[in-house]
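Engineer: Residue-level listing of the chains:
There are 2 protein chains.
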Amino acid sequence: MSSSDRKLHLNAFLTGTGHHEASWRYPGTSPERGLDIRHYQKLAQTAERGLLDSVFLADGYAGRSAGKLEPFTQLSALAAVTEHIGLIATVGTTYNEPFHVARKFASLDHISGGRAGWNIVTTGTESTAFNFGLDVHPEHGLRYEYAEEFVEVTKQLWDSWEDDALVFDKEAGIQLDQGKVHEIHFKGNRYSVKGPLNIPRPPQGYPVLVQAGSSESGKELAAKTAEVIFTAQQTLEEAQAFYADVKSRLAKYGRTPDQLHILPGLSPIIADTEAEAREIEEELNALINTESAVKRLSERVGIDLSGYPLDGPIPYHLLPGIDAINGRKGRYQLVVDLALRENLSILQLTRRLAGARGHITFTGTPLQLADLIEDWFRHGGADGFNLMPQLYPSGLDAFVDKVVPELQNRGLFRTAYEGTTLRENLGLARPAAVRPAPALEAGA
Amino acid sequence: MSSSDRKLHLNAFLTGTGHHEASWRYPGTSPERGLDIRHYQKLAQTAERGLLDSVFLADGYAGRSAGKLEPFTQLSALAAVTEHIGLIATVGTTYNEPFHVARKFASLDHISGGRAGWNIVTTGTESTAFNFGLDVHPEHGLRYEYAEEFVEVTKQLWDSWEDDALVFDKEAGIQLDQGKVHEIHFKGNRYSVKGPLNIPRPPQGYPVLVQAGSSESGKELAAKTAEVIFTAQQTLEEAQAFYADVKSRLAKYGRTPDQLHILPGLSPIIADTEAEAREIEEELNALINTESAVKRLSERVGIDLSGYPLDGPIPYHLLPGIDAINGRKGRYQLVVDLALRENLSILQLTRRLAGARGHITFTGTPLQLADLIEDWFRHGGADGFNLMPQLYPSGLDAFVDKVVPELQNRGLFRTAYEGTTLRENLGLARPAAVRPAPALEAGA
Ligand SMILES: Cc1cc2nc3c(=O)[nH]c(=O)nc-3n(C[C@H](O)[C@H](O)[C@H](O)COP(=O)(O)O)c2cc1C
Ligand SMILES: Cc1cc2nc3c(=O)[nH]c(=O)nc-3n(C[C@H](O)[C@H](O)[C@H](O)COP(=O)(O)O)c2cc1C
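In order, the protein sequence lines correspond to chains V and F. Numbered per the numbering used here, the first sequence spans residues 1 to 444. Numbered per the numbering used here, the second sequence spans residues 445 to 888.
Chain V on its own, in the form it takes in the complex (with noise of 0.2 Å):
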């Protein structure tokens, strides 16, 4: 595809009232609308009328949340009242089964109409562990290579069913063709699954693997297996060096720069006027909780900052060190690179991450968002973004009214849906099922 034909690629990353801390205070949001599905369904429908690509939810296994719901269940419903938006879920490798995830993704997928994706995560909270009848967090190494082999036999799994296994015969009184549907006979360090998979492979062959991981660690599995990245990057030039980092190592993989797209965060607050925008922004931050801002910090960077006065610096001296972090690596070294180069009091610093934790943030008119998006889009930062609006739906409604018409008529975004399933509206290749080598299925 020649350059001037690129276009982006456009996610919403669905949260209750948007992904600034203090959204919920926020005049005329409603955080008690957090469990209630219309209200994530008419999100959906204005990123569908928008024509963005897909919508994403994260998830965890642990804590408290007054307004979230599980994604499976709630990307389904929203799958029934949508007909083209992708619906991403967020499902971690370390407290799961193959066989199930491989399975929900596979009946998403098949409810969908070919939408479903997947962001593979490893669960960075070590709570999580005490809610699965584990005494410890597994580390970040072995998470990952417990990540890599739950991906590898998910994919046997989906790969279980031929894609002509179903025949319907009714003369002949035959339904499925069996030889077309394998036991995989997989067994690896941590898991073991003879398979196959109960539900036929779904029309996406496999859902859309996105990964959002940024250490070390994160980048490989990437470049091993995503087609998708998430990432959080503050400046164009960190976004630079990503994206050249990431998809450098595409290659030894086989794989080529276009089979992987590269999605920083983006939280926007947009108004017509950039003085508008602003006075947003500032009630926004008047609404903060700063208590609970410099705890979630200390979490971040591994220290108590409770005793430190607000107006200086995190102690850098007794800061852990990215190898003691065993949650969300990635994460940690933003932060403390974010702190150092602008030099930022913990005050500033709680701030700074109150927007997007860590994400960058924009806050003025819808011009000057395309131009950043130009820019980082033109310039190897980007292929597109995953939109986490400061306030919800407002912020969602903008951008699609405002936002989105600019990108159109700059000719760097579609104005209509490329095909049906999300892979045909990323770009990407439908993968052709691999087959097991003969001599694993012998014992069948």
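For the record, the hints were derived by calculation from the structure and aren't laboratory data. Remember, it's a predicted structure, so these values are computed and weren't measured experimentally. It is possible that some hints are incorrect.
Stated by the list, open to error - Restricting the straight-line Cα-Cα distance to at most 16 Å, the calculated cross-link-like pairs of lysine to aspartate or glutamate (EDC-like) are:
(1) V/Lys-402 x V/Glu-424
(2) F/Lys-614 x V/Glu-32
(3) F/Lys-631 x V/Asp-135
(4) F/Lys-631 x F/Glu-596
(5) V/Lys-187 x F/Asp-579
(6) F/Lys-614 x V/Glu-283
(7) V/Lys-170 x F/Glu-727
Add chain F with the ligands to chain V, keeping to what the hints say.
Structural biologist: Frame of chain V; chain F with the ligands shown alone:
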């Protein structure tokens, strides 16, 4: 409630083309729509038009199923296009994690506005073990021990959020009352779960708890925890004995008979005349693949019947006996009893089981079916029925259009939904949240 006010409860057990094993070959059915969510959405809407209490999906984690979606994703997509009908998912306790199951049900219950139900099963299919890294399927009694503990954990997880934990006080900056969200510190023989659940208490408190095992352990688990029981009964006398048996077990758990509804399966073929109904039955039976049917029967009774004459009896002296059955004990007993009582040949037995695998079948007119339903309902055989039409969608259409009005005329069935949740329509109380003993929270 006076006995004249007592109303039937009706559930529709959904499948692709119907419960008759040859339904997929019957002219006019669409087996290729088994993975098409719109097919099931239409069925759920028909059931809702008929004011049925609920629809239900069976489930398992092994085998080769040509046309079955996964229940959580499927029911969520049904929730999105219906308003009143209950949504009951089978989830097995042997190969799942309580945290994930509690959360998905809570999410489905929030999404549907309180319409979720859980058919608690222990999973009878032995080969399931191989899809989850085990060499052996846990033995029947052990599976029921696991099941009991599993249900206990999930209830505690649902109760980990008090009903009024959500506050959303924008002014004060308080989203939730942390003192009303509790760790559970569950430690049992199999599970250890700290909690709390990461989603607020479901609208119904718990999803409606359904049980579908008919062995001794199954009946005991039902008496202790279930609010609905699905069962296969071949005659009114058997049904009465089962009904009396199960209801008599409730008192020792401090429960009353109206807290558990007994719904035998009922698998009809209806037509305007008896002759027409018989014709459909014969057409269906002519489409049975006898070889596969004998194979399935062999699995049911635990001996290979392929060498025996089709017109002779099963070799009773070779039967393993109920203690040796590690799969579905209740169904084993039913099949053997049926063959003996009616002195059936192997071929006749496969025919008798073709309609609904052991549930009672019926062939006749809408009035005759209403008579049978009334008879069982009024004479201590049932609180309602689990409808298993031998053909979908035609069998459900006929039931809703012709049998439901007749039952309403007789004062046996509702003419409008009583409430908005499945519990309300079933006349079941919403459980209060049980608080763990304070001592347990000390370590929190
Ligand atoms: C946009 C975005 C969304 C993410 N969503 C989740 C999530 O829902 N659940 C999760 O466990 N990790 C999520 N992550 C990943 C974590 O932030 C973290 O990167 C990952 O757990 C391991 O990361 P590491 O490789 O950087 O250590 C997300 C990351 C990004 C950039
Ligand atoms: C209507 C009905 C539906 C059932 N659905 C399932 C199911 O989907 N999955 C399953 O493992 N068992 C299901 N069962 C239960 C099994 O038939 C069997 O009874 C159970 O696994 C253990 O039974 P036992 O207590 O009779 O040995 C169902 C039973 C009935 C009556």
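Engineer: Does each hint fit the structure? Answer for all of them.
Structural biologist: Here's how the hints hold up against the structure:
1. V/Lys-402 x V/Glu-424: violated, 25 Å
2. F/Lys-614 x V/Glu-32: Distance ~11 Å between F/Lys-614 and V/Glu-32 Cα, so the pair holds.
3. F/Lys-631 x V/Asp-135: Holds, at about 12 Å.
4. F/Lys-631 x F/Glu-596: holds, 11 Å
5. V/Lys-187 x F/Asp-579: Judged against 16 Å, a Cα distance of about 12 Å means the pair holds.
6. F/Lys-614 x V/Glu-283: holds, 13 Å
7. V/Lys-170 x F/Glu-727: holds, 13 Å
This entry does not satisfy hint 1, going by the numbered hints stated previously; all others are met.
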